[in-house]
Amino acid sequence: MQEPTFLILTALAAGPQHGYGIITDVLEISGERVRLRAGTLYAALDRLQGEQLIETDHEEVVDGRARRYYRLTAGGAARLSAEAERLRRNADTAAARLRRGPAARPGLEGAS
Numbered sequence: 001m002q003e004p005t006f007l008i009l010t011a012l013a014a015g016p017q018h019g020y021g022i023i024t025d026v027l028e029i030s031g032e033r034v035r036l037r038a039g040t041l042y043a044a045l046d047r048l049q050g051e052q053l054i055e056t057d058h059e060e061v062v063d064g065r066a067r068r069y070y071r072l073t074a075g076g077a078a079r080l081s082a083e084a085e086r087l088r089r090n091a092d093t094a095a096a097r098l099r100r101g102p103a104a105r106p107g108l109e110g111a112s
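full-length UniProt numbering applies: residue 1 is where the sequence shown begins, and numbers increase by one.
A couple of the hints might just be wrong.
[What the hints assert, rightly or not] Between beta-carbon pairs, the in silico distance windows are: (1) 58 - 78: 18 to 24 Å; (2) 93 - 59: 29 to 35 Å; (3) 71 - 99: 38 to 44 Å; (4) 47 - 16: 17 to 23 Å.
No wet-lab data here; the hints were simulated from the structure. Quantities reported herein were computed from a predicted structural model and do not represent experimental measurements. Note that CB positions come from ideal geometry on N, CA and C, so glycine has one too.
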């Protein structure tokens, strides 16, 4: 799963949000590393809806403009949970190997 997809699903795990809310939440979640453009976001939302990972929650009109809210589906929550677990395992492995250091890994003595 690509990082922007992971972050969009993570934003929606907190509850339904509209596009701008997702953009600002992703920015916050990523520590301001990931700045989604509107076109990128809406293409991703269309794809995620097609994959049935998210769905439209409701729409409202604000200042004469329709605002669509999206929510995570059960399938989307399961996929996000599986990806979070995969990332956690990878991070745990990396941390354990760093704690052991290169001397504990055969074949890496003197490697630069």
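These are the hints, each one checked on the structure:
Distance hint check for residue 58 and residue 78: the Cβ-Cβ separation is about 23 Å, which falls inside the suggested range of 18 to 24 Å. A hinted range of 29 to 35 Å for the beta carbons of residue 93 and residue 59 is inconsistent with their spacing of about 44 Å. Between residue 71 and residue 99 the C-beta distance comes to about 40 Å, which sits within the given range of 38 to 44 Å. For the hinted restraint 17 to 23 Å between residue 47 and residue 16, the CB-CB distance of approximately 18 Å keeps it satisfied.
Of the hints listed earlier, the one the structure fails to meet is number 2.
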